[in-house]
Every structure is written in structure tokens, then in C-alpha cells.
Amino acid sequence: MPAPALEPFAVGQPITLLIGYTGVAAPTKESVGDVRRQWLADGAHFNRLFSACGRIAQQARHALAVGDTATLGRLMWDNHTLLQEMTVSSAELDALVVAARTAGALGQTKWRRPWREHDCPRDGRDKRGRAPCPAHSRSAHRSRDGSGS
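Take the sequence shown: its position 110, counted from the start at 1, is 110 in the working numbering, and no numbers get skipped.
Simulated from the structure, these hints should not be mistaken for laboratory data.
Beta carbons are placed, not taken as given, at the ideal position from N, Cα and C, and that holds for glycine.
You may find that some hints are simply not true.
As the list claims (entries may be wrong) - Quick list of the computed label-pair ranges, beta carbon to beta carbon: (1) V32 / A5: 30 to 36 Å; (2) D94 / A10: 31 to 37 Å; (3) A3 / G23: 32 to 38 Å; (4) D34 / G67: 20 to 26 Å; (5) A3 / V32: 32 to 38 Å; (6) A105 / R37: 31 to 37 Å.
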């Protein structure tokens with residue numbers, strides 16, 4: 001594993017980041033203590049999680065360097081999932097992630113891709129006529145494809 005370091009690098013293209021704030025104080029010392037206790041109880045599992053976070057950080061650096069914002073977004077979702085598994089997330093943070101996905105943030109998972117990729121009609125109902133998921137609301141289609149319908 002490489003030694004910890006801070007190193008500047010050029011970003012491949014300008015990007016816009018949205019930073020969210022839950023307004024809920026979360027003491028870092030307690031969170032780190034919780035993760036440490038879990039790691040002591042199941043070190044192999046947590047070592048895999050830590051390694052996955054490290055790989056994501058390296059991949060995200062590369063994605064930024066080459067301007068691949070879609071991959072960067074996907075990696076951010078992946079990392080959030082790992083943080084949830086470590087119990088570092090919270091209901092408030094998870095709600096921010098859902099809000100970002102609903103707004104069409106990059107890196108969206110399959111359930112958030114535009115309607116055309118789901119092979120469903122414009123109203124979002126599936127082939128059996130079931131009600132649309134929240135990602136398939138008319139306003140969600142309008143915001144992603146600009147059609148307004």
C-alpha cells in the first residue's frame with residue numbers, strides 16, 4: 001500500500017460539485033470509535049472495506065484527471081455504499097444521496113437511468129402497467145431529457 005500523501009494533480013475538465021449539509025452534528029471521535037470496534041470484531045471484512053475505499057479513491061483521482069465525471073459520480077455512489085456498510089452514514093446523509101440521485105446527479109445507478117434505458121413508456125409504468133418508481137415521475141423525465149412531457 002502506498003504511503004499516505006497529498007499530491008496536487010490537474011483536473012481534466014471543469015466540474016461542478018454540489019455539497020450538502022444535513023445540519024446534524026456527528027461527533028467524528030464516536031464514529032471512528034464505532035468503526036474501530038467493528039474492525040476489531042471482524043477485521044477481515046473491514047480490511048476489505050478499507051481496501052475498497054482506497055481503490056475507489058485512486059480510481060476517482062484518475063477519473064478527475066481525465067475528466068470522466070460519470071465514472072467519478074459512480075465511484076462516489078459506490079463509496080457511499082461502503083460508508084453505509086461501515087455504519088458511518090446516517091438517515092440524513094442517505095436522504096441527501098437520494099435527493100442528489102433524484103435531481104439527476106452523475107453516477108446514477110440502474111434504477112436512476114433515463115426512461116429510455118428502462119424500456120418503459122414515458123409515464124414510467126412498466127410493461128405490466130405497474131405504477132412508476134419515483135425516478136420515473138413526469139418531472140424526473142422532464143428534468144433529464146428536457147422534453148417537458
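Problem set entry | Range agreement (Cβ of G67 with Cβ of D34, hint 20 to 26 Å) | Violated - the Cβ-Cβ distance for D34 and G67, about 37 Å, lies outside 20 to 26 Å.
Exercise. Lying within 31 to 37 Å: is that true of the beta-carbon distance D94 to A10?
Worked result: With a Cβ separation near 33 Å, D94 and A10 satisfy 31 to 37 Å, so the hint holds.
Exercise. Taking 32 to 38 Å as the hint, is the beta-carbon distance of A3 and V32 inside that range?
Worked result: 21 Å, violated
For this session: Check the following: the C-beta atoms of V32 and A5 are separated by a distance inside 30 to 36 Å.
Result: Since V32 and A5 have Cβ atoms about 21 Å apart, the given range 30 to 36 Å is violated.
Problem set entry | Outcome of range test on Cβ distance (A3, G23; 32 to 38 Å) | 36 Å, holds
Problem set entry | Outcome for the supplied range 31 to 37 Å, where the beta carbon pair is A105 and R37 | For R37 against A105, whose Cβ atoms are near 32 Å apart, the range 31 to 37 Å holds.
Of the numbered hints listed earlier, those contradicted by the structure are 1, 4 and 5.
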